[in-house]
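A.B. asks: Read off the chains here:
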Amino acid sequence: MISEHYADSARRWIRRLRPEAPPRLPGDRRRMVAAVEEALRARRRRLRVVRSVTVVSAAAAAVVLIHFGLPNQPWRRADTGVAQGMPPAVMTAPDARALTVLSGAGAAGGGMVLGGDVPQPVTRGMALAPGTQLVAPESGDVRIGTAAGTLLTLEPGGTLTVTEATRTQRFALLRGAVRARVAKLLPGERFIIDSADAEIEVHGTAFRVALAGTDPGCAERSTTRVSVSEGVVTVRSGGHEVRLSPGQEWPEGCAPPLRTVAGPARPIRITQRGRMVHGAPHAGSVPSEEPAPAEQPLPAPELPTRAAAPAAPAPVAAPVASAPAAPGRTVALPPPATVEEAPVAPIAPALAASHLAAQNDLFAAAMRAKRAGRDTEAIRFLTRLVKRYPDGPLTESALAQRMKLLADSDPFAGAEAATQYLARFPGGFARADAERLVAGAPAKP
Amino acid sequence: VSRPALDDSVLLASVRAGDPMVSSALCDRLWPQVDRTIRRLVGRRDADHDDLSQLALIELVSTIGRYRGDCSLDTWAQAVTANVVFKHLRRRRIENRIFADLLVDDDVAPVAAPTHVERRSASRELLQRIGKHLDGMNERRAWVFMLHDVLGYDLREVAQMTKASVAATQSLLSRGRRELHDRIARDPALAEVFDREEMGRA
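Here the protein sequences come in this chain order: A and B. At position 145 of the first sequence the residue is numbered 145 (the working numbering), and the sequence of numbers has no breaks. At position 11 of the second sequence the residue is numbered 11 (the working numbering), and the sequence of numbers has no breaks.
The shape of chain A in the complex, shown without the other chains (with noise of 0.2 angstroms):
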């Protein structure tokens, strides 16, 4: 200290000239008192949330042990098909993507699991191992799905068989409809649905597939029908790979599923990487499609479909559960109105549960007006879905859908539709149409 003695000399008179005051009260106790009242609260919401996060990230490192920690464990042998003579459908399995049979367990004329030694009755809680077969009854559906929040919806008649169960699962469409709402899948994870003329890949969330019938006018002769409501699709089939985005249908101009179809069963091939998915039957009792949320009547008197629309296509059955349409006959169109003013069906409050379940209601609704031919009922859908949902994702498919439908019948509107679309997606996958709209429409009256 000796060598720093100023600094020694300047603690001593600090101290001694600066002697420590006496404590004092607070000079506001109460407000201080609800300051830390405060923060004692957010500081119980704050150890609520990281709880919970706590569990649900446990649930899921254990999920993954089991899976891929554990690949001796007796119930994994489920992954390798029907083994030990076991009944696949009774094998225990509690792997996040083992199927379980979640409803649709009849009494008489319930839903069937075959692939065992014996055919079972479908029970509530019963595994699906690969190598089952499903068979919905002719009266209702059987909901199938696993702990990873996939649900699988297996429509009166159809009948579905598990083909793989591992990190891919897949299943084969022998006949019926299947719709499917996938979870999230994670890296390396696919979910295949085979059918017999087509394999469609989804890189994405949401979309459908159906069957229907052989369409002559249809290029790819295929009697799959995939519509992509949400994310990436991809449809192999014939050698050919097509990627279908939002909006978008596979194959091209063809006609949509229709509600009954006479001849053999046939397999459909489906591939997914999303969260839903609809498949139609190619025979027997064809099931009607998806529940649909703005499922129009057939109105009583027919009147020409799209008579001044040069390039629509043939006259198609409208898809309706209670009214079974033949293929050709032609529907009517909605009492004519303005796209903004007109009434819109209502949607139905369970599937608009969501704001995605509502995009997908209001463009799967748009989609089957527009199958039918109902073009202007078509764009109020569209319109109502742009409006409502400016920022969702199917923002940019109701936008190109819908300057395509106004094209048809007023190509000054295609274009300005096209002009908006162009402007709030310059990059969009419909730019090349939208700009032959805008070069093309005529010169403003």
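For the record, the hints were derived by calculation from the structure and aren't laboratory data. Think of the CB as a built atom: it goes at the ideal place given N, C-alpha and C, for glycine as much as any other residue.
The calculated lysine to any residue pairs, modelled on SDA-like cross-linking and capped at a C-alpha distance of 25 angstroms, are: (1) B/Lys132 x A/Arg12; (2) B/Lys163 x B/Arg141; (3) B/Lys87 x A/Arg31; (4) B/Lys87 x A/Arg24; (5) B/Lys132 x A/Ser3; (6) B/Lys87 x A/Glu20; (7) B/Lys87 x A/Val33.
So, partial list: chain B residues that the calculated Cβ filter (under 7 angstroms) puts toward chain A: (8) Gly18; (9) Ser23; (10) Gln54; (11) Leu57; (12) Val61; (13) Ile130; (14) Ile184; (15) Ala185.
Following the hints, put chain B in place on chain A, whose structure we already have.
C.D. replies: Frame of chain A, contents of chain B only:
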């Protein structure tokens, strides 16, 4: 009717669980350390004293999970409060007058001089000169010197307050003492006062 004071372990468990019922007890328990630390670091009449107290108590609640019990609750409260004060000073400081403002206030004790006013004035001037030298130093060294040599915190406490290791704090202290000594040595008036005092002591 006053409630019995909660045991520290019970109080800590309740704070960790975010129980708002213990807010009053927590304030009563930690207020003395919070108040004392603020008074020592920003002066006894700082206008932001109440705001700093509140901020320090909220910070204590928010960071209670980091308190492992390896020092007393009082020491930990001092360290957290000091961190709050340092942050505040960094934001508030417009000119480099932290220590000059800190050392000079109305309660300065008088030094030997002919009259009371002169004595008080001389005390102020002396503290102001020391404060200026501290303000001119490396800030971390000045604070470590102030906290350890003047305010009496031990090295470990200073390390906690300044968020440094004990070894680094020791090094800062040595360099701080040397730097302050060199500065005062270059200030003949102050050095003379200190030399006179040193001779008087001898």
